[in-house]
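Peer 1: Protein chains in written order, with this note's numbering: chain A, 1 to 334; chain B, 1001 to 1301; chain C, 2001 to 2330; chain D, 3001 to 3508.
Source of the hints: derived by calculation from the structure; they are not laboratory data.
Hints may contain errors.
[Said to hold, decoys possible] Taking lysine-lysine and the DSS-like style, the derived pairs with C-alpha atoms no more than 30 Å apart in a straight line are:
#	chain 1	residue 1	chain 2	residue 2
1	D	Lys3320	D	Lys3366
2	D	Lys3496	D	Lys3230
3	D	Lys3387	D	Lys3366
4	D	Lys3387	D	Lys3376
5	C	Lys2211	D	Lys3345
6	D	Lys3185	D	Lys3230
7	A	Lys168	B	Lys1031
8	B	Lys1055	C	Lys2158
9	C	Lys2188	B	Lys1108
10	B	Lys1108	B	Lys1031
11	A	Lys318	B	Lys1055
12	A	Lys318	B	Lys1087
13	B	Lys1225	A	Lys168
14	B	Lys1160	B	Lys1055
15	C	Lys2163	B	Lys1108
16	B	Lys1087	C	Lys2158
17	B	Lys1087	C	Lys2211
18	B	Lys1225	B	Lys1108
19	D	Lys3107	C	Lys2188
20	C	Lys2211	D	Lys3107
21	B	Lys1055	B	Lys1108
22	D	Lys3496	D	Lys3178
23	A	Lys179	B	Lys1225
24	B	Lys1055	C	Lys2163
[To be verified] Stretch-level coverage of chain D by chain A, calculated; a stretch enters the list once three of its residues show a Cβ under 8 Å from a Cβ in chain A:
#	region
25	3324 to 3336
26	3340 to 3348
We treat Cβ as the ideally placed atom computed from N, Cα and C, and that holds for glycine.
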Amino acid sequence: MTMTPATGKKAGGTMPARGILFRNLRHHGGIVALIVLLVFNALFTPNFLHLQTLFVNISQVATIAIVAMGMTLVIATGGIDLSVGAVMALAGALAPLIFQSEFAMAYPVLGLTAAIALPLAVAAICGVFNGAMVSILRVQPIIATLILFISGRGIAQVLTNGNLQTFKNPAFSYLGTGKILGLPFQGWLALAIAVLLYWVVRRTTFGRYLLAVGGNEQAARLSGGPVRSVKIGAYMICAFLSGIAGLIVVAINSASDAARNGNLMELDAIAAAVVGGALLQGGRAPIFGAILGAIIIQLVKYTLLANGIQDEVALIAKALIIVLAVYVQQTRKE
Amino acid sequence: DGLPPLEQKDTYTVGFAQMESNNPWRIAETKSFHDTAESCGWNLIATDAAGSAAKQVADVDSMIAQGIDVLFLPPREEKPLIPAVMKARAAGIPTFLIDRSVDPAVAKPGEHFVSFLGSDFIDQGRRVAEWTLENFEGEQGIIVELEGTTGSSPANDRRKGFDDVMAQHDNMTIVASQTGDFARDMGRQVMETLLQAHPDVNIVYAHNDEMAIGAIQALELAGRKPGEDVLVVSIDGTRDALQAIIDGKMGVTVESSPFFGPLACEVMNKYAAGETIEPWVQVQDRIFTVDNAAENIDAAY
Amino acid sequence: MLDTDALDLRKYLAGNTQTTAVWLALILLILFGLLRYDNFGGAYNIASFLNYNAMFIVISLGMCFVIMTGGIDLSVGSVAAFTSVVAAYLSPYGLDVAAPGAILAGAAFGAVNALFIIAMRIPPFIATLATMLGAKGGALVISGAETIGVDWGSNFTKLGMEKAFGTIPWAILIVAIVAVLLWIVLEKTSLGRTVLAIGGGEDASILMGLKVNRAKAFVYILSGACAGMAGLFLASGFGAGQPLEGIGWELSAIASVVVGGTLLTGGLGSVPATIAGALLLGLVFNILNFENGRGTISLSAYWQMVIRGGFLFVVILFQTRVSSQDQKVS
Amino acid sequence: MQPLVSMQGIEKSFSGVPALRAADLELAPGEVHGLIGQNGAGKSTLIKILTGVYRRDAGTVRFDGQDSTVSSPREAQVAGIATIYQELNLVPLRSVTENVMMGYEPKRLGVLVDWNEAHRRTREILSRFGIDIDVRARLGSYSTAIQQLVAIARAVSLDARLVIMDEPTSSLDANEVKTLFGVVKSLKAAGVCVLYVSHFLDELFAVCDRVTTMRDGQTVGVRNIAETSKLELIADMLGRNVEDIQAAGMTEFGGGTKEPGEILLTANDISTGNRLRKFDLNVHRGEIVGLGGLLGSGRTEAARALFGVDPLTKGRVTFKGAGSEPENPAAAIAEGIGFLTEDRKSEGIIPDMSVRENLTLALLPKLTRNAQIDRKREQELVAHYIKSLGIKTSDMDQPIRELSGGNQQKVLLARWLATQPDLLILDEPTRGVDVGAKLEIQSIIRDYVDQGFGVVLISSEFEELVEGADRIVVLQDGCSVSELQNPGITENALVKAIAHHHDQEVSA
Ligand SMILES: Nc1ncnc2c1ncn2[C@@H]1O[C@H](COP(=O)(O)OP(=O)(O)OP(=O)(O)O)[C@@H](O)[C@H]1O
Ligand SMILES: Nc1ncnc2c1ncn2[C@@H]1O[C@H](COP(=O)(O)OP(=O)(O)OP(=O)(O)O)[C@@H](O)[C@H]1O
Ligand SMILES: [Mg+2]
Ligand SMILES: [Mg+2]
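Start from the sequences and build out the full structure, keeping to the hints where you can.
Peer 2: So this is what it looks like as C-alpha cells:
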C-alpha cells in the first residue's frame, strides 16, 4: 500500500521571497537606527556632509568592525570572547619589538613581514588557547576568555616593560594611514574580511558546522560535526582579527601602548555584534550585521562628540541607543 | 598629638602604593622609586591599585600589616584615600603624599601626614594658558580642549587652571572640551571628530602630552599643519612632546616630572633627622618650549 | 529516610565536587600564606582583608542569584559607583537614611534591568551592559564628575571603618547576615527553587506554571540592591562617593561565582561556595602584596596581571579536573 | 450536561502559516477524551491554546461554562488544568522532588519549604506509578521513561479538574503504560476529565470514552469509542475511505524476503562502563536486528557504543571485516555507520536551521568541494528526500523547529539515509510519529535493508520489533541475554524472553 503525505501544502520547492523578507525584517532595527542617525547628523552636526567625515569615520570604525566580525563568529558558537582587547594589545606590542629589532633594521622587507606575521600568529595562538579552554576543558566562555583578558595585557606590558613604544615606520603605518581610491586602507581591509567571512559562513562546510554547533552542539556532534575544531577555529579567527585590529591601532598612532590598546574593545565589539543581529545563545552569524552594528556604535560616538555632549551624558545616550536598537529588533522578530 | 616620629636607620621598609600603571608617566614614577631604593637604603614594597582608589586603600592596609616604616602614597583620589592616610597614622607610620594630595579639609599635612610632595595641577593649567596668550599670533583663538580621564583630579584641575584664565579673555573661546582619557589613541580619535565639527580651530590644549601627540596626528591626517595653522599646547614634558616641539609641531609643554624617587628620599631623611618639613614641598615645574627643548630631551622619559 | 549524617556528607561531597574544589583551593592558599609570610594571619590583615572584600562578596552573592537563572548582570560595578555617590550625598543624615537610600538606588537600577529583560525581552547581557553605561554616566552626572566627600560627623563612616565588638568589621558582619538570609531564600523557599528551575530550563518552568517573571525580577532587583550595598560600603569605608570606582567588578564577581562552582548556564549554585570563590580571588591580591613585601622579587604591576590570570587558569583547571573525575565516578 | 471545555472555531497561524483553522474541541466533565491526528494536524497547538501558551488568532474558548481568561500556563494550573506537554518540560538539573513539587511545595511557617514532607509526598505520588527512586537525585540522572512518569505524576498530583496528556506513552514500556492506565481510570473515577493525545490507537480503545480527530488544523470528527473501529479512526485521520485502508496491513515491514548476506558487524563482549556491561551482537547485510528490553536495559547505550559516542572500556567491534573502534561520531560516519537518536529535541534537530541544513548535516563531508558546500547537489538531494519521504514543509528553507514532531523525525531519518550508511542504527525511529508516517518510515527502513544494508532497530513497541526485526537481541541491565529468530517470534515470546530472564535473575 502506498500512502501519500497529507496534501494541501506544497512540499519541497523553494520560496525565496519569504526568506528575503524575513532577513530584512531582522535587520530592520539596525537599519532604522542607522538612518535616524544619518538624518540627525545631516541636519544638526556641523560639516557632517563632508568627505573628510567619511574618512574619519571609516578609519575609526574599521577596528571595531573587524573585531566585531570575529566576535560574531564566536557568539555564533554560543560563546563570547572577552580577551579581544588584550589580544590587540599583545599583537600591537609585538610588532614594534620586531621591526625595531636589529634583524629587521638589516632586512627591512623581511622584518616588516615578520612584524605583521608573527604578532598575528601569536594572536591566533591566543585564540587557540581560548578555544581549547572552551571546547576541550569545557570551561564556560566568559571565564575561559577572562584568563587572557586579565593576563594577556599583562604579558604585553611585560614584553615592553610597560613602556610606550614609539616609532617611525611609514611602511608599517600604511596599515592605519594608507589610502586606496581615496578611502582609508583599513576600511577596505574590513570590507575584504567581511566578504571573505560572509562566504565562509554561507558557503563553506566550516560555516555550516559553526552554526550547527551554536544551534545544538549535541546534535552537531552526533551528526559527525567536528565540534572541537569548529570552536577552536572560531576563537582563533576572532583572535586573529583582533590581532589585525591591534596592529592597525599601533600603525595609526605610530606608537604602541600596551596598557591602552584595545581597552574596552570587548564591550564595543559585543554590542556591535548584538546590535547587528547576533544571538548570544548561538546559531546565527550575521557578518554584515556586525559591520552595521559597528557603524551604528561609531556614529553614535561621533554624533555625541561632534555635538559637544559631555562624556558622562554620552554614556547614557549610548546605553539608550543600544537598548533601543536591540529592542526594535526583538519586536520585529515576533 | 603630633606626627609619628621616624627613627634614623640604615635601611627602611618603605611602602609605595602606586595607583595605576596604565600610562608612561606612572610607569616612570614607579621606576624612579625602584631606582632610588638601593641608594637610599629602602626595602621597597611597591603595590599597584590598577586604577581603583578602594584597592589602593586595601594595598596600604596590607603594607601596614607587613609593618612598613614609611609610606609614600600618590593618592588616586582626594577623598577616598583619606582612610589610608588615617590608618597609617594610627599605625604610627609617617606618610608622604606624592604628586597628588588629599582633601585638606579632613586630612592635614603636619598633622595626619607629613607633607605633600608635588606640583600644582591648577597652576600647570594656568601656566599653559598664560604662555598661550603670549604666544598666540592670531586674533581670535578658537580652542579645542582634550581633557584627561573624566572625573580624575588632574583633569579637573588642569581644566580649571586653564579655563579660568581663558574666561577672562574675550578673544579666546573654548568651542569644544571632550575627554581623551589621557591616551594617545583616544586623543587622536576625539581630535579627528572635533576637527570635523570645528574646522576653524587654531589652538589645541591637551591635558597631557600623550593626547597632544594624538591630536597632532589627527591634524596631520586631516591635512592640517600643527605648529603653523594650529597651536598645540600641553602638560608633562615627555620625550615625544619635546621632539614635537623641536619639530615645530607643538608650542609648549609644562613639565610635570614623574621622578619623585630622589626627592622622596631626601625629604624622608630630613624628617628622620628631625627637621621640620614644609607642608607642601612644591616641585618646581619647568616649562619646555622651542628654546630649551633640545637640551632637555635626553633627560626626558 | 534512614540516611545517617555521615552518609549525607559523603553524598554531598560526591554531588558537589565543584564546590569542594573551591574550598580546597581556598584552604590551600590560606595555608600557603600563613606559612610563607609573617603577619599574614595577623588580626590587622584579616580584618582589613575582610572589610575590603565585603563589597565583592555582597556583589558576588547578587550575581550568583542572577547567574542561577541563566542570566548575567554586568551593571553591578557601575551601580555600586552610583550608589556610593548617593550614599555620600545622604551621609549627613546618618546611616539610617543613607543606607536605605543607597540600597534602594541600587534596587532601582536592578528594576530597570528587570524591565529591560522581562518586559522588553532584551538579552540580559545587553540589557545590563546598557545599564552599566547608564549608571556610570549617571554617577558622573550626579556627582559633577568629582568624588563626593562624606560627612565625617554623622555615624555614617562607622559602617565601613569600625568594628562590631571591637573585632569584626561591621561591613563583613552585615554581609554575613545577608548571606545567611540569601542561603535560606535559596534553599528553603519556593522563590529560591524557582530561581534554580528557571536556570535549568526557562521554557519548562513557564510550562510548569512557575512564577518565572517574578523570580527573574527578584534576582535582578536583588543584584542591584547588593550592588547598592557595596556602594554603601564603598562610601562609608573610604569616605567618599566615587563615580569612577567599580570598573571590572562585574567580571570579578562573575569569576567568583563560577569559581564557586555555579554554572553560567544556570540551574545550579551555592551561596557558601560563592563566598569562598570571592575570598579566593581576593586573597590573590593580598598574597601578591605580601609577596612584594618579601623583597626577593619585585613583581611589577603587569607581572601581577599575568600571575592573576595564571592563577585563575590553575583554579579552573583544578576545578574541571575534579569535576571530570566526578563524572567518571557516577 | 454542560461541557467542561468548549473550544470553537479556533484559528492560529505561525508567521503566516496556518496551524489551526476552525478547530473545535468539546470535553465533558469526567470523561477520558482522545485526541488524534497525523503529525502536524495541530493537536499540540490546540492544547497550548487551551493552556495559554499560545494566543489564539480567532475562536472562543469556554471553560466550565465561562469564557476562559487563561493566558499563561500558570493561570491554566490555577484554573484546574494540569498538562503534560509533548516535549518533556521538566528541569533535569533539579531533583525529582523539586520537579514534582515545584510551585506547590509544602511549607512550614508559611514560607520555608518543608523538604522532608516534600520528599515524602513525592515518594508517595511516585509510588502510585510503581516507581521507587531516590527523589533527591537530579531528575536528569534518570532515563527518559522515568522522567516521563515524573511529568505525569506531577500533573496528576495537582488536583486538577482537567488533565491533559500529550503523547504520554511515547517513551513508556508496556508495564508502565498499564500503570498509567490505572491512574487515568482512577482520575476518571474521581470525576477528573482527561484529554489524551496518542498515536497508539489501541490505547484509545483501552481508556477513552470519546475521540476527536483532527486533520490539517481542523476538527474532522468526534466519535464514541464504543461505536467505532480503528479503521474508521484512521480513515478520519487520513481523510480516506475505510476500504482503501483495509486493503493493507498494520505495519509496513513485511518479513525479510531475502536470506541475510555477509556479516557486517560483530561486537564481542563490549562495555562502556556501568550501563553497558557485556554486549554481543552480529549484524548481517540485508538484516534488521532488533534490540529488545525494558526501558533502561541499556539499548541506547549499546547504540552509542557502536557509534563511537561513548568510548569502549572493554571488548572488540569488527565492522566490514576490519577491527573498528570509532573514536567519535565523525569517524563512525566515515566508516559507514549512521545513528538516529531517540531524543529528537536535544540530540537531533538544530532548531534554528532550515530543513535543508538539518537534512544534510551528516552528509557535509561528502558534499564538500574545496571547502565549499556543493549547493546544487545539496538542493537536489534535499528536494529528493522531501519528496520521497513526504516531508511536510512549506519549503526546504523553513526552520525545522516550525515542523511538527513527526515531520522533524522524517527529516532526521533522511539525514541518515542520505549518508547511505552500511549500518543504520535507529533508536526509537517511530516515537511520536503518526500512523501514516510510521508506516512510511517502516517501509523506508525495509527498502533500505533490502538494498543490502544492515539495520539495528531499537523500539519499545513490541509490535514494531516483532514484525520488523529479523532477529531480536534481548538486553537486560546492560547485558545481552538472549536472542530470538524470525520468523516465529510473537509478542508473547518476546515478552517472555524479557521477563523470563528477569525472573531468573530475581530468584537467583
Ligand atoms: N512554534 C511554532 N512555530 C511555527 N510553526 C509551528 C509552531 N508550533 C507548531 N507549528 C506548526 O503548526 C502545525 C501543527 O503542529 P502541532 O505541533 O500542533 O502538531 P501535532 O498534531 O501536535 O503533531 P505531532 O503529532 O507530530 O506532535 C505544524 O505544521 C507545525 O509545523
Ligand atoms: N544520564 C544518565 N545518568 C545516569 N543514569 C542514566 C542516564 N541515562 C540513563 N541512565 C540509566 O542507564 C540505564 C540504561 O539506559 P539507556 O538509556 O541505555 O536504556 P534504554 O534501554 O535505551 O532505554 P530507553 O528505551 O529509555 O532508551 C538505565 O538504568 C537508565 O536509568
Ligand atoms: Mg504534538
Ligand atoms: Mg534508549
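Peer 1: Now tell me, hint by hint, if it's right for this structure.
Peer 2: Going down the list of hints, with the structure as the test:
This hinted pair checks out: D/Lys3320 and D/Lys3366 have alpha carbons roughly 20 Å apart, not beyond 30 Å. For the given pair, D/Lys3496 sits about 27 Å from D/Lys3230 by alpha-carbon distance, which is consistent with the 30 Å threshold. Restraint check for D/Lys3387 and D/Lys3366: satisfied, since their Cα atoms lie roughly 21 Å apart, inside the 30 Å limit. Pair hint D/Lys3387 plus D/Lys3376 holds up; C-alpha atoms about 17 Å apart against a cutoff of 30 Å.
Proposed proximity of C/Lys2211 and D/Lys3345 is supported: the alpha carbons are some 25 Å apart, at most 30 Å. Restraint check: the Cα-Cα separation between D/Lys3185 and D/Lys3230 comes to about 21 Å, which is no more than 30 Å; the hinted pair holds. A C-alpha spacing of about 26 Å is found between A/Lys168 and B/Lys1031, which places the hinted pair at or below 30 Å, so the restraint holds. Distance check on the hinted pair: B/Lys1055 and C/Lys2158 sit about 19 Å apart at the alpha-carbon level, within 30 Å; holds.
In summary, the hint linking C/Lys2188 to B/Lys1108 is not supported, as the alpha carbons are separated by about 52 Å, beyond the 30 Å threshold. Simply put, B/Lys1108 and B/Lys1031 have alpha-carbon atoms about 28 Å apart, close enough for the 30 Å limit, and the pair holds. Between A/Lys318 and B/Lys1055 the alpha-carbon distance is near 29 Å, which keeps this suggested pair within the 30 Å criterion. The suggested pairing of A/Lys318 with B/Lys1087 is violated, with an alpha-carbon distance near 40 Å, which exceeds 30 Å.
Straight-line distance between C-alpha atoms of B/Lys1225 and A/Lys168 comes to about 18 Å, which keeps the hinted pair within the 30 Å bound. Our distance criterion of 30 Å between C-alpha atoms is met by B/Lys1160 and B/Lys1055, whose separation comes to about 28 Å. At roughly 25 Å between alpha-carbon atoms, C/Lys2163 and B/Lys1108 fall within 30 Å of each other, so this suggested pair holds. Taking the CA atoms of B/Lys1087 and C/Lys2158, the gap is near 14 Å; set against the 30 Å cutoff, the hint holds.
For the suggested pair B/Lys1087 and C/Lys2211, the alpha carbons sit about 49 Å apart, so the restraint of at most 30 Å is broken. With a C-alpha separation of about 48 Å, the suggested pair B/Lys1225 and B/Lys1108 falls outside the 30 Å cut-off, and the hint is violated. Proximity of D/Lys3107 to C/Lys2188 is assessed by CA-CA distance (about 9 Å); at most 30 Å being required, the pair is judged to hold. As the CA atoms of C/Lys2211 and D/Lys3107 are separated by approximately 17 Å, the hinted pair is consistent with the 30 Å bound.
Restraint check for B/Lys1055 and B/Lys1108: the C-alpha separation of about 22 Å stays at or below 30 Å, so the hint holds. In summary, the hint linking D/Lys3496 to D/Lys3178 is supported, as the alpha carbons are separated by about 17 Å, within the 30 Å threshold. About 19 Å separates the Cα atoms of A/Lys179 and B/Lys1225, which keeps this hinted pair within 30 Å; it holds. With a C-alpha separation of about 20 Å, the suggested pairing of B/Lys1055 with C/Lys2163 holds against the 30 Å cut-off.
With 6 residues carrying a beta carbon less than 8 Å from a beta carbon of chain A, the region 3324 to 3336 of chain D meets the three-residue requirement, and the given coverage holds. With a threshold of 8 Å between beta carbons, the proposed coverage of the region 3340 to 3348 of chain D by chain A holds, since 4 of its residues qualify and at least three are required.
Hints 9, 12, 17 and 18 from the earlier list are contradicted by this structure; the remaining hints agree with it.
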